[in-house]
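**Student:** With the hints as your guide, set chain B onto chain A.
What follows is each chain in one-letter form.
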Amino acid sequence: MELKFPIYLDNNATTPMDPRVLETMLPYFVEKFGNAASRNHSFGWVAEEAVDYAREQVAKLINADPKEIIFTSGATEANNLAIKGVFEMYASKGNHIITCTTEHKAVLDTCKHVEKMGASVTYLDVQPDGLIDLEQLEKAITPRTILITIMYGNNEIGVVQPIREIAAIAKKHGVLFFTDGTQAVGKIPVDVMADGIDLMSFSGHKMYGPKGVGVLYVRRKNPRVKVTAQMDGGGHERGMRSGTLNVPGIVGLGKACELCRLEMDSEAVRLSAMRDRLEAALTQIDESYVNGNRQHRLPHVANISFKYVEGEGLLMGFNKQIALSSGSACTSASLEPSYVLKSLGLGDDLAHSSLRFGLGRFTTDAEIDYTTKAITETVLKLREMSPLWEMFKEGIDLDKIEWAHH
Amino acid sequence: MAYSEKVIDHYSNPKNVGTLDKASKNVGTGLVGAPECGDVMRLQIEVDEETGIIKDAKFKTFGCGSAIASSSLATEWLKGKTIDEAVAIDNMDIVEELNLPPVKIHCSVLAEDAIKSAINDYRVKNGLPELVEEKAH
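Going down the list, the sequences are from chains A and B.
Residue numbering for the first sequence is 0 to 405, as defined by numbering that gives the first Met the number 0.
Residue numbering for the second sequence is 0 to 136, as defined by numbering that gives the first Met the number 0.
Treat the hints with caution; some may be incorrect.
As the list claims (entries may be wrong) - Keeping only pairs whose Cα atoms sit at most 20 Å apart, straight-line, the calculated DMTMM-like set for lysine to aspartate or glutamate is: (1) K21/B / E401/A; (2) K21/B / E389/A; (3) K319/A / D8/B; (4) K220/A / D194/A; (5) K5/B / D92/B; (6) K14/B / E389/A; (7) K21/B / D194/A; (8) K14/B / E129/B; (9) K21/B / D396/A; (10) K341/A / E35/B; (11) K14/B / E383/A.
What the hints assert, rightly or not - Computed from the model, here is a short list of chain B residues facing chain A with C-beta under 10 Å: (12) V16; (13) L19; (14) D20; (15) V31; (16) G32; (17) E35; (18) M40; (19) F58; (20) F61; (21) S65.
For the record, the hints were derived by calculation from the structure and aren't laboratory data.
Predicted model only: the values in this text are computed from it and were never measured.
Beta carbons are placed, not taken as given, at the ideal position from N, Cα and C, and that holds for glycine.
Chain A with its partners taken away, still in its complex shape (with noise of 0.2 Å):
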């Protein structure tokens, strides 16, 4: 098959959408563009009745019930409407919350604002392969402990945490459990009930949808949850996030659940199968190392570091021709390398040294053989122009120089 360019390796930022979804959509912006909250005529009843297919498409995706599916604009929002939502409701409970290092920004910056409104945050660290140490998680329960929220599956290294366990040692100590499953829901099974999770976010266009839609679960039996909204207004979404429905959005979020549903598992195969071979082969390069556990991660991610390359600069090198990602910052003016390679416990050089690869639904084999080949060329090309490499292969120890730090 004849490769296009440019190659798009970066699934884990945005999908593209399912030509499928874009289809089901389509009618809702012109022709049925009722507003779901019309009670009293057809163009409202329509985008109603679509609005209740998605919702259980979307439920059933998650093996929830329909009316625990409260659509939002994203997995921001669910973040933000679950946090504050739940700090608020269960204030006289207590103000304790739990999380960890590795989380979202959208859930690590909402416990810090949280924290100015009286709560207080424990930010549990992980061990070095990504995943959260239990014991550690229940020894930081306190009579005080409202909520838990722990994400399904990491953004940069696709490490997915120990969910069940989790939601136990919750359960156990009455505390609600959350989990931000933006990058696992409809990449692996998920299923509320299983798990013993009490709410969810996750949003649309991680999983071949459109931007702009997400949703939060919140759990309706063993416990009745509640969170505050976060909007006021019409009340809609049961009272917990008012604003007009996004009604193409929810129906295009619906069949991207579908889709997820009766294709993930054989997608997954065939994921972790090109992901598995594109790690091969870039670790025959030496000095490279994949980050994070590699048994518990999604089938569609993989986070490699090539030491004495500067992620930046190895991206330069082919980024005409595919799209990637990499844990180096060196726009920002802090130069402050990825927060999460270096929770892992990653010395700044490698974490500055990584690339984050999400393979999706339409990546092929093809692609694969091409990225690992322009990245293999790329890295020693540049460990040829690296003084690093150059110190490397002459024995000197980089840790005992005394660098001019800027």
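**Tutor:** Chain B alone, transformed into the frame defined by chain A:
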């Protein structure tokens, strides 16, 4: 962020990548930056004893495309210059030549530091005092 044509050109075809004999009395070596910051530059000059002119310059850089381009350009500029002329190279000249965006100015600063550091190394080796002029940044 899109890179300028000149940055892409230096990145794709870097000039003067390599290593000079750092033990030689005529060679000055500057190693600046730090791996943790994502940039390390090593810049070397070889000075003609009789004329005092920089007859060769080499670099190796760990860093982004702009850092590689800044050091590649610096080596080009250094060749054929006297030490005094070399000292006068300002990081803003590099910024201008490569059209570096504001977030990449530190790459040019590093290149200027590397030049000064290489010159100092050469001066010390040859019994001359270090240059004191150091920009604060």
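**Student:** Hint by hint, note whether the structure agrees.
**Tutor:** Taking the hints in turn, this is what the structure says about them:
no. : hint            : in the structure
1   : K21/B / E401/A  : holds, 18 Å
2   : K21/B / E389/A  : holds, 13 Å
3   : K319/A / D8/B   : holds, 14 Å
4   : K220/A / D194/A : holds, 14 Å
5   : K5/B / D92/B    : holds, 14 Å
6   : K14/B / E389/A  : holds, 18 Å
7   : K21/B / D194/A  : violated, 62 Å
8   : K14/B / E129/B  : violated, 28 Å
9   : K21/B / D396/A  : holds, 18 Å
10  : K341/A / E35/B  : holds, 11 Å
11  : K14/B / E383/A  : holds, 13 Å
12  : V16             : holds, 5 Å
13  : L19             : violated, 12 Å
14  : D20             : violated, 13 Å
15  : V31             : holds, 6 Å
16  : G32             : holds, 7 Å
17  : E35             : holds, 4 Å
18  : M40             : holds, 7 Å
19  : F58             : holds, 8 Å
20  : F61             : holds, 5 Å
21  : S65             : holds, 8 Å
Figure legend: structure checked against the earlier numbered hints; hints not met, in rising order: 7, 8, 13, 14.
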